[in-house]
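Residue numbers (our numbering), protein chains in the order written: chain A, 1 to 337; chain B, 338 to 788.
Hints listed in this document are in silico derivations from the structure and should not be mistaken for laboratory results.
Note that beta-carbon positions come from the ideal geometry of N, C-alpha and C, so glycine has one too.
Treat the hints with caution; some may be incorrect.
[What the hints assert, rightly or not] Facing chain A, according to a computed beta carbon distance under 10 angstroms, are these residues of chain B, among others: (1) L396; (2) V403; (3) S421; (4) L432; (5) D455; (6) R456; (7) E600; (8) S744; (9) P745.
[As the list claims (entries may be wrong)] Pulled from the structure, derived: some chain A residues nowhere near chain B, Cβ distances all over 10 angstroms: (10) F95; (11) T185; (12) Q189; (13) K197; (14) L224; (15) F244; (16) G332.
Residues per chain are reported as follows:
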Amino acid sequence: MELQTLWFILITVLFTGFFFLEGFDFGVGILLPFMSREDIERRTIINTIGPFWDGNEVWLITAGGAMFAAFPEWYATLFSGFYLALLLMLVAMIFRGVAFEFRSKHSDPRWRSFWDWSIFAGSAIPALLWGVALANFIRGVPIDADMNYAGGFFNLLNPYALACGLTSLSIFTLHGAVFLTLKTTDALQERAVKTAKLAWVPAVLLSFIFMVYTNYETDLYSHLGINPGIIPVFSVIALVSVIFLLQKNASGWAFAMTGIAIAFSTITIFMGLYPRVLVSSLDPAWSLTIYNASSSEYTLGIMSIVALLFVPLVLVYQGWSYWVFRQRVSTGGKLEY
Amino acid sequence: MDTLFLAKLQFGMTSVFHFFFVPLTLGLSIFTAILETAWVRTGKEKYRQLTRFWGHLFLINFAVGVVTGIVMEFQFGMNWSQYSRFVGDIFGVPLAIEALLAFFIESTFLGIWVFGWDRLPKKLHAAAIWIVALGSNLSALWILVANSFMQAPTGFRMSADGARAEMTDFGALLFNPHVWKQFPHVLAGGIVTAAFLVIAISVWHLARGTKDREAFITSMKFGTVYAFIGTILVTLAGHTQMQHLMTTQPMKVAAAEALWETENPASFSLFTVGDEENLKDVFSIRLPGMLSFLAYNSFEGEVRGIKELQKEYEETYGPGNYIPSVITAYWSFRFMVGAGTLMLLVSILGLVKIIRENYDFSPFMKRLFFWSFLLPWIANSTGWILAEMGRQPWIVFGLLKTEQGVSPASVVSSGELMVSIVSFFLVYLMLAATDLFLMRKYAMAGIDHSE
Numbered sequence: 001m002e003l004q005t006l007w008f009i010l011i012t013v014l015f016t017g018f019f020f021l022e023g024f025d026f027g028v029g030i031l032l033p034f035m036s037r038e039d040i041e042r043r044t045i046i047n048t049i050g051p052f053w054d055g056n057e058v059w060l061i062t063a064g065g066a067m068f069a070a071f072p073e074w075y076a077t078l079f080s081g082f083y084l085a086l087l088l089m090l091v092a093m094i095f096r097g098v099a100f101e102f103r104s105k106h107s108d109p110r111w112r113s114f115w116d117w118s119i120f121a122g123s124a125i126p127a128l129l130w131g132v133a134l135a136n137f138i139r140g141v142p143i144d145a146d147m148n149y150a151g152g153f154f155n156l157l158n159p160y161a162l163a164c165g166l167t168s169l170s171i172f173t174l175h176g177a178v179f180l181t182l183k184t185t186d187a188l189q190e191r192a193v194k195t196a197k198l199a200w201v202p203a204v205l206l207s208f209i210f211m212v213y214t215n216y217e218t219d220l221y222s223h224l225g226i227n228p229g230i231i232p233v234f235s236v237i238a239l240v241s242v243i244f245l246l247q248k249n250a251s252g253w254a255f256a257m258t259g260i261a262i263a264f265s266t267i268t269i270f271m272g273l274y275p276r277v278l279v280s281s282l283d284p285a286w287s288l289t290i291y292n293a294s295s296s297e298y299t300l301g302i303m304s305i306v307a308l309l310f311v312p313l314v315l316v317y318q319g320w321s322y323w324v325f326r327q328r329v330s331t332g333g334k335l336e337y
Numbered sequence: 338m339d340t341l342f343l344a345k346l347q348f349g350m351t352s353v354f355h356f357f358f359v360p361l362t363l364g365l366s367i368f369t370a371i372l373e374t375a376w377v378r379t380g381k382e383k384y385r386q387l388t389r390f391w392g393h394l395f396l397i398n399f400a401v402g403v404v405t406g407i408v409m410e411f412q413f414g415m416n417w418s419q420y421s422r423f424v425g426d427i428f429g430v431p432l433a434i435e436a437l438l439a440f441f442i443e444s445t446f447l448g449i450w451v452f453g454w455d456r457l458p459k460k461l462h463a464a465a466i467w468i469v470a471l472g473s474n475l476s477a478l479w480i481l482v483a484n485s486f487m488q489a490p491t492g493f494r495m496s497a498d499g500a501r502a503e504m505t506d507f508g509a510l511l512f513n514p515h516v517w518k519q520f521p522h523v524l525a526g527g528i529v530t531a532a533f534l535v536i537a538i539s540v541w542h543l544a545r546g547t548k549d550r551e552a553f554i555t556s557m558k559f560g561t562v563y564a565f566i567g568t569i570l571v572t573l574a575g576h577t578q579m580q581h582l583m584t585t586q587p588m589k590v591a592a593a594e595a596l597w598e599t600e601n602p603a604s605f606s607l608f609t610v611g612d613e614e615n616l617k618d619v620f621s622i623r624l625p626g627m628l629s630f631l632a633y634n635s636f637e638g639e640v641r642g643i644k645e646l647q648k649e650y651e652e653t654y655g656p657g658n659y660i661p662s663v664i665t666a667y668w669s670f671r672f673m674v675g676a677g678t679l680m681l682l683v684s685i686l687g688l689v690k691i692i693r694e695n696y697d698f699s700p701f702m703k704r705l706f707f708w709s710f711l712l713p714w715i716a717n718s719t720g721w722i723l724a725e726m727g728r729q730p731w732i733v734f735g736l737l738k739t740e741q742g743v744s745p746a747s748v749v750s751s752g753e754l755m756v757s758i759v760s761f762f763l764v765y766l767m768l769a770a771t772d773l774f775l776m777r778k779y780a781m782a783g784i785d786h787s788e
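The following block holds chain B by itself, in its conformation from the complex:
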């Protein structure tokens, strides 16, 4: 089989899997830190217990996030050596800084936090988990600085021989507008991922009658407020990000909307079955003017379609197919937005519950609150699928195509790639099963009074 396909398959598999765990730990680190701060300030035992409880779940997932992250760092060189040569001068920098600034902080202070319960003064111990949370979220920032260069290259020039891109302006790389649209979105994505899991587990305990009712009510309250704030933030951030993409990657937007022709005012597709061969709709229900509104906050404004952009790109970059998989972009966008909308509804429902101080759950409500924990996972994964697949055929937008980035088949053969894909698949399956087993065990066990 062709190595490009296998390398893409492995990247998709390992990055989506990695990102099952990362957002949860981003959000849960902050959540645990908030609880421990509440304990330090009030001295109430329930906050200490909750810190321990959520801390355990954080640690289980953190471990998986770390080990699957190392795979990502190695994978650029292993499977994408041509890409690494092309972009190392720029892309390597945020990666190195991520390790130096974020990973060292996270790992060292996490060690201090886990083992320091009896050795450190309370305030210092709480500071340690805040530093871990800071480190985790800083690492997200740096990896997004790297990713943003792939999405919207800036602050560079091509080397004299054209073999690589070279950094000319570190400030431009760091203050790439794309970073500051994407980072809040990812940060808020982490918050909602943790928040909905907190709600799910708290409701599960409350609905079946736990002896730690008060603690789980507190947990539910904190989780719901956290979820509501997170959902509002993630929606607003996503909205501004999409508006920004209108200027930097209009093709991604057009594909996400299955908008074949340029329209003014542009309609928003509610449900489309498309024909990608002939670039037209088979069937479509559309809201007139709505896409223009989403793009420009006005019911007028031109949104360029796939056909026009394809023509424009051919003029700029030469002959070729510049259209990503429309069905993937279209449906990943709809799943992400759909999940986000449901999250908003559930978090409002949760707010109503806690305002009324009603912690009894009908079987339907229990199920609804419980299974909502899956929504952020769906949104996180489909969001990244849109971000990465919607950029195709580019690996670095406008500069390098994905097929040019893969390691030469003479160095990394399809056989070697098969070995690594199968290895990672099996190992990741084992990790997922183990993680779920332990999560379930610790979540169901509830608060440990022996600690």
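The following block holds chain A by itself, in its conformation from the complex:
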């Protein structure tokens, strides 16, 4: 396999990992103010993701770094072009990142409420914006012959991209609710099950709207061909199945299915992009592809060795941390955050 394709796959893997993992802690953050009645419940909810959220976020940091190293033109065009959207995302991530650490360090209710809403906004804004960003990758944005973005902030907020943003927001919320059914006990768990069932409805509706809309706004389907393969189909089946699994109290399976729905739809979008990385709406010839945006063969080779050595290692120890904290978190237990 050529190295450009390998790196396109690796970046797909990093984004998939990011959406799968950070997806549920975004969801938990979004649900935090609505699923809790008192401070101890809020602390419990936050502690379900306490040991994980930071490690999950590193998937994004690594994706960004890998993009810079393997496809510098993609990184440069995207980050300079989507300027205000990324600024908003950064501010959201700043508030969210410190909120987890700061909230429990002071007991004033107004202090705690401020950081709780920071966690909410810091989760909801990126959850929405990532959908917006992915939709724009594939729908196309004005990119000129010099690979420079020629639009403004509001070019990004087209109805199609917003539909995708709402879809990602709703799916992450569902993913988070299902995660909470797995990680909480008693009243909180019952509430999580109810919330998950409720969250399933908009997630499915928005997904269908988005899928139909995609047919009109992008070339994704023609790109995938008559037989799209099992991945796109499976992502739909997985999402639909969640409600039945929740009915049967099969939380573990439900979580696997929301995970598959997220992972497979991310993969589908990247499959629809390939070999492009950013579609130009001005002229297809000006699109960024894995060929005109990539680093040299030598650099890609070095990066491949590094990735093949260390990605498995990361998976092992991150997996181990999930194993260490596999138990449910209850309001009666010891809480760090």
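Got chain A; can you put chain B on it based on the hints?
Just chain B, lined up with the frame of chain A:
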């Protein structure tokens, strides 16, 4: 306003702010790990308490270091897209490796450490904080590999169309001598930053009569030894780094010394008021031969001056102004070295105290030990200002000028830059205030016996 100026302003602001927190966490992670190891080995309760105490302060600052670090990663692409295109083939690699090798380790094992007190065997728990410390300091290594390419490019060739630099030798990038001069300096800078804060807070508690006197004496002892070792290391490392710069970036050295003319033997300026327009001194007190000594360990040896280097660079790189802001370089260097010298004095004073086992502090001594915590911060910030501003007008030395690296104004307008500068300024102000509030609260509260 012009986008180049705004992009520089934002970079300066966000990187200096980021580096308020990073060195502290680099040094405090190791310090906390040492304390926890002492607890595992001796089983003494005070070590566990101190681990928790310093661990809290570490975590508060770690959070701010992380979130302001993400801004740095995004900022290269956002404000410096031309730079990113030019250098991505090389610069992106250490950045990606930093995330993959260091950030994953740090974040995962920090989660394990914070939440694992009751879940892991003691030894494994202590290992977790050592791994966090390793990860943090590894991340410093990788970012310095990236920065060193900007300071002294190596292991590359220009692409056929001249549009970008391409890596030809990863080993040369990693073993760039600049990395191995700079990394020990930054590492030791982290140690002293943590150490002087430890001393400050310990002395504050001891001087006002804490009920945990024994624990804070231990803290003071560990902190003082840590500070002394750190100060010696940071001074030696800084010295060799400056000597190395004599060959790679002589202009930076000349600007840091306000040395207009080439001299042999070269004198060291104690205090200079310069005239940057006409490249001459208005007033100067100098030690004869001292700069040659610092540069070559001998009272003889030529140190090239700004005027000669400017002429040489014009011949090599074409017409232009190759002189950085001399006043900035000169005074940042003096503040850094001055702060370092004071740190050495204070740490020796601290050593005398602990050798005599005298933990009573006169009001003056209390103030001296307490406010010394600011010294490493001054040195860290001015050190980086010298490193980055002293390299100007280059963003990648000899290859790309800063003005060529900024995102095109058609993509990122000055209006957008203004929005982002104001946003970051306000958010960072809030972060600083919150961080200080929590640091003060936890530092003053002392050891929590309920934990």
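Each hint tested on the structure:
1. L396: 6 angstroms, holds
2. V403: Since the shortest Cβ distance to chain A is 6 angstroms, the answer is holds.
3. S421: Hint holds; B/S421 Cβ to chain A Cβ min 4 angstroms, cut 10 angstroms.
4. L432: 5 angstroms, holds
5. D455: 6 angstroms, holds
6. R456: 6 angstroms, holds
7. E600: Violated, about 43 angstroms.
8. S744: This hint holds: B/S744 lies near chain A, its Cβ roughly 4 angstroms from the closest one there, short of 10 angstroms.
9. P745: 6 angstroms, holds
10. F95: It is violated; A/F95 is separated from chain B by about 8 angstroms at its closest Cβ, not greater than 10 angstroms.
11. T185: Holds, because the least Cβ-Cβ distance between A/T185 and chain B comes to about 17 angstroms, which exceeds 10 angstroms.
12. Q189: 20 angstroms, holds
13. K197: Per Cβ check, A/K197 is outside 10 angstroms of chain B; nearest 29 angstroms; holds.
14. L224: 29 angstroms, holds
15. F244: 33 angstroms, holds
16. G332: At about 14 angstroms from chain B, A/G332 clears the 10 angstroms cut-off, so the statement holds.
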